[in-house]
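> This is what each chain is made of:
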Amino acid sequence: MPMPADATRLLTLRPEGLYCPEGDFFIDPMRPVPRALITHGHSDHARSGHGAVLASAQTLDIMAIRYGEGFASATQAAEGPVTLGGVEVRFHPAGHVLGSCQIEVRAAGVNAVVSGDYSRVPNPACAAFEPVPCDLFVTEATFALPVFHHPPPGDEIARLLASVAAFPERAHLIGAYALGKAQRVIMLLRQAGYDAPIYIHGALQRLCDYHLEQGIPLGDLRPATMDKAEAKTLRGAVVIAPPSAFASPWVQRFTDPVIAFASGWMQIRARARQRGVELPLVISDHVDWPDLTRTLRELNPAEFWITHGRDDALMRWAELEQRRARPLHLVGYEDEAE
Amino acid sequence: MKAFADLLERLAFTPGRNAKLALLERFFREVPDPDRGYALAVLTGGLETGQAKPALLRALVGERVDAELFAMSYDFVGDLAETIALIWPARGPLRDVPLTEVVEGLARAGKAEVPGLMARWLDALGPSERLALIKLVTGGLRVGISARLAQTGLARIGTIPVEDIGELWAGFTPPYTPLFRWLEGGPRPEVTARAPFRPVMLSTPLTEDDLAALDPAEFAAEWKWDGIRVQAVAEGGTARLYTRTGEDISASFPDIVSRMDFDGALDGELLVRRGDDVAPFADLQKRLGRKAPGKAMLASHPAALRLYDLLLWQGDDLRALSWSDRRARLERAVAGLDPGHFDLSPRLRFADWEELAALRADPPAAVIEGVMLKRLDSAYVAGRPRGPWFKWKRAPMVVDAVILYAQRGHGKRSGFYSDFTFGLWDGERLVPVGKAYSGFTDEELNKLDRFVRANTIDRFGPVRSLKPALVVEVAFEGLNRSTRHKSGVAMRFPRISRIRWDKPAAEADHLTALTDILDEAGA
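Protein chains in written order, with this note's numbering: chain A, 848 to 1185; chain B, 39 to 561.
Just chain B, with the same shape it has in the complex (with noise of 0.2 angstroms):
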């Protein structure tokens, strides 16, 4: 449990993807298993927890500890976890209880158990596993790691790509021994899951250069839709619905997974669809955010697939074919299909660039991004390859606004002014908009760092707040409302993407900039 312990408190503070990277490989190579596995599925969310509510550890530690220290503890820690897992009283002796232990021990326990082995074990660890333990039977872990970004961690201790991780992941269940004796060397596990999740296909960025070579009459266009990419696996009575990096999603969406009744692989855009009309990213969000929507959200927030491509089709391994071919029996399956949650994402027709500039340039719907552009020759191979498929998004939204506040940043950036949040004008007012931390060089963040400190009027924590002098233009993909944000609105990746040192601050724009776009899209 310490090794474990130490793992997810580093992570916790470690902002870093490769330093996260660099961990996670450590605790692979170092912690056996079947340790190492446990942790791995309880990182990538691989395990059933929730065994002990917060209501149960409450009470145990309440038969510890004075109701009114345990209060004002409380108060000043702010987590109710951590505040349980440091004022538990220590009563030894101390021992590294393994996580396989508690793991399996919770497994087996039956529910009236479960509160003595959690004081039990609570008992013989110290502070920061006590942390890890509460977190981990509350279910309540939030360390921010992808089972991809786990999958990656993995692939470092061995030879083996990430992408075949990410082919057999399905297949392994915890705690993966299997899977770590292939990535030291051992033989190439037999896959034997159902309905596993098959590596994506990735498109590159285009740019105006790129263009001019390529012909136009060896593409395919489509939109570029506004959701999340997804990929369907139906075989053998068994449906999943999967994220580009393989995160099983299927509880989420009871409503696309009761409809695959099909035999095949598919791989779409999943959008919230009311009839027609695809709904802003902010409807699928609140889908998202939920693990088990219940009917009026089902009702409200109908999800469904827009297709682009089939991986494999009753029993057939379709991912060698051109696109072209792919294509035509992907439009055969989906006429099969539920149209209600399966449709066909509509293949653009055009001339030339210029023509597809135009369509890019206006797309009929504020959910398209941009245009997707595929060679029709293209095989559907993993990865990011450059050059069969690319995205040409639309150009981004700006705004001109004022740097209104300043924290420094992590990493490479350590001591400098990097992370801003801005504002803009509503009367005479500035109101926080959103925050952004790039679109600038590093030459940019030195002037800007010189700015911070030049003027600082005051500082809340490591929080400076600026004389409200400089302003940037700000670009963005999308816009929601936010009843979160006091401005009422909130950007969708905001960057820099000039900094206006001409410009001066009663000259940046209005918040109506912002919520006349909102208004015009009914939103």
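For reference, chain A alone in the conformation it holds in the complex (with noise of 0.2 angstroms):
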């Protein structure tokens, strides 16, 4: 086993984020940089302002949409290995969302491979994740206490549709983030067999016809833009929005809805609460305990670090299994901003 000291220094830790001092680039920074490469979509790993960006075609379409076309001076899509200064980079599947990968750098004959955010679930929408022997993996922690066990997320709509079939009066709101989870819910629900029209927020549109360009079908998709009468026709529909919405007086155009929301967060009934859901679906797109704790021992790497989350319960977790871990405590990376 190479030494750790060797693939600790491909990475280091600046204000501004992650950093490669060899290659001279960061790793979804929080703050504009000259280079910088990209992990995934989301609004708090995908910054705008960036001089030249490298991330994966469809990560880099998805900050076109998300920030418009001049969201960096230049641009260029991973494929292959690419070389930086003195380091190698591969861009592998994180199985997060559309477009995310998980950043691999290497240098004499030593890598460090920095996940982004990533899930174990099989999900259509993009590739599985692709386990990468390294000697230092650095990791999310969203979900990284043991009282996270994600349930099966065939279940979990199978619940969302019986109560569609219990309550068939009431539209059934969904709060779903707009990159990845909302068409995560759509197309989980067409394959339990619903194949009604799904009625979707403004503010899911454009992602979601991006989904279809990239050869994904989400069957029957209506805006769900529509005036209070119409909104009153639609008794037992279901309906997607983006969290924000359910604050706004969108929301007031349908009568007595069943309010739900999906998110990994749903597992804790207090935050379910707090929110005023009336049917919490646990559906997330990152490793929950189990799915973590496998990836860090199935890959077992020389030293892995943590860039955000709970990494109290992780550092004890690495303690117990006396491996090396190291928590970054980065800021700025939360649940995708509403």
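Worth flagging that the hints you see were computed from the coordinates, not collected in a lab. Mixed in with the good hints, there may be bad ones.
[Said to hold, decoys possible] Okay, the calculated beta carbon distance ranges per label pair:
| no. | chain 1 | residue 1 | chain 2 | residue 2 | range |
| --- | --- | --- | --- | --- | --- |
| 1 | B | I266 | A | A1117 | 26 to 36 angstroms |
| 2 | A | R878 | B | T550 | 47 to 57 angstroms |
| 3 | A | T1080 | B | G209 | 43 to 53 angstroms |
[To be verified] Subject to a maximum C-alpha distance of 27 angstroms in a straight line, what follows is the list of computed DSS-like cross-link-like pairs (lysine-lysine):
| no. | chain 1 | residue 1 | chain 2 | residue 2 |
| --- | --- | --- | --- | --- |
| 4 | A | K1079 | B | K450 |
| 5 | A | K1079 | B | K485 |
| 6 | A | K1075 | B | K485 |
| 7 | A | K1075 | B | K450 |
[What the hints assert, rightly or not] Over 12 angstroms on every C-beta distance to chain B, these chain A residues come out as not near it, computed from the model:
| no. | residue |
| --- | --- |
| 8 | Y866 |
| 9 | V880 |
| 10 | A899 |
| 11 | R967 |
| 12 | M1034 |
| 13 | A1092 |
| 14 | P1104 |
Quick reminder that beta carbons are idealized off the backbone N, C-alpha and C, glycines included.
Build the complex from these two chains, which are given one at a time in their own frames, with help from the hints.
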């Protein structure tokens, strides 16, 4: 096994974010930098205003959709190995959302993998997480507490459909983030055989269209921008909207809706209650505790770093497993901004 | 267990009564016997629980999970049962343990067997079923389902009226198989319960317009006491005290039940009474909160019944008689009861409505909420018929308060800011005094929602903090001192009676408007 010092030399922490000195670039920086490598299109990882951006073609498209074509001075789609300064960079699927990648940095026979956000649960919108053997693994810890065991998403969709059957006169409004979660819920519904029209809030339109362009079928989608009289006819319909819409007057057009929210946080009742959710759906695009610890055991890196989330619990796990770990306390990676 | 856990989870997050009933109905229709019957028993508190204490479960989980990881998780989740349910390491193979297996297994198990049983079940169940199991065995099941609501849900699976179910309810025991057979078209079972609950007769509110059409000579009047309406039934050596929805609260009131040495069914108000003085509702609330009150509590907060009516007496069913006849028999019956714990609700003498209105406006005690009017010829009938009995409440107290915080509502009010926290001036500061959710029209709700959105100064999760700019008149039925509220007072049934778009916040009332009322009442 190579000495850990060799791999940890590849990455360091700067105020802007995680930095590779030998390649002179940042990965998912929180502030504008001359050269950024981006793991995926969620707004806390992919920000606008960088000089050059290297990311998957889909992540670049998503950034252009969100920030406009001029979101960076120069862009390059990652295909195959790319040499930057003294290091070689490769992108590997992360299984999180459409276009999401892990970034592998290799030099002098050692490598580090920055996973970004990742999931091990199959998701038809993106390629499955690829375990890349590495000396240093940089992981998220969003759901790094042993209480997080996300149930199979199909079970949660079955609960949603049971509720639609039990309350056929009430529209079911599902809160879901615009990139990834919304399309995931739609695809899961289609997989479960639900082929009625699904109504989407205007803020989801462009990213749903982009999924279609990428060859990901979502079935019959219709805009949920109707007026109150039309909304009344949506009895028993499934409507998907970003979480922020639930605080806006948009909701008022629906008569006695069932408020649902699709998120890994819904596993905790207090979180569901705080949001005024009537039907919490535990659907996550991050690794839960069993998948996170399984991944770390499987990759068995000489050292792993924790970018954000519940690093205290994961550090305790590392101690019990006698694994070398370090928390980075990166501020600014949260759930996607609403 | 899966269907039961799903039901509990939906009930816990569903605020609307109709939605709750729909969930209950669906459950009772779909789940087979005896699981549904045991579920009914769990929901209505008809099962002995508490076989496993939280400490036992903590010990079990401690054998399986690192203590530090558990502590971090508990800290994050905030609820012990939920933490254990979520963190329990799945050992499979998963099996949907039937609720019946749990209930009957626990009933048979000796104390030493409980930990092994629990561990085996927890290993076989998924997280939400584990939570249901833990809440069930620790008795910490707070789903907010009254026996009456469960019975109403039950009634929907067939054509039997809920009043009939209520009348026979006490005659059934878990898992209620004959009850379900009856509801689904089988024969009406013979009542075998001792001292069962009889459906209660309720009154409707009286308006001033109603009054003009009524003849004072046809009515009797009594005070409307501010306690809780109960039914005391003693038959064949069994004595039980029921709420008006048929919940058995005998265990909480041994001071009453031990003195029910009669044979009959009495209707009255449960109060805390010291000598002739009836204590404020808050004192009764203390008793209601205790499942098994201690000696000190029984001495400091003695309970008593103030009697209104007599349904059965020494084997005779009196419900078809007129109120006047029943009243005469009630007066004779009370004479034989312990005067320390049973007395008669006095009949008010009045010649015309003006005289009664004057009595209502100035009652002799603070715990009187108004007056009751009962037709002299009225039979005792179940339910809430309009006409024979009226409640004529005192005009509520009002105070002008400032809206401080708002939260969005549920169901039909989804997306609308409809839940308000209001405050009163305390010197230069506004202190929160209470919350109000009702009293306004749909049109006013729209205006209130727009006001909230335009005047938000801060957000705390779902709560919006508002510029103190809107005054509302808050009506309420009573007032108690409270150590739980920052203001030191707690209102009963506060609601918004008028929105004072015209009134500046500086002219809202001061907290002393409430504390003065309490001081005057000597509370």
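> Next, verify each hint and record whether it holds.
Structure-based check of all given hints:
no., hint, result
1, B/I266 - A/A1117: 26 to 36 angstroms, "32 angstroms, holds"
2, A/R878 - B/T550: 47 to 57 angstroms, "54 angstroms, holds"
3, A/T1080 - B/G209: 43 to 53 angstroms, "47 angstroms, holds"
4, A/K1079 - B/K450, "12 angstroms, holds"
5, A/K1079 - B/K485, "21 angstroms, holds"
6, A/K1075 - B/K485, "17 angstroms, holds"
7, A/K1075 - B/K450, "13 angstroms, holds"
8, Y866, "30 angstroms, holds"
9, V880, "32 angstroms, holds"
10, A899, "38 angstroms, holds"
11, R967, "16 angstroms, holds"
12, M1034, "23 angstroms, holds"
13, A1092, "9 angstroms, violated"
14, P1104, "5 angstroms, violated"
Checked against the numbered hints given earlier, the structure breaks hints 13, 14 and satisfies all the rest.
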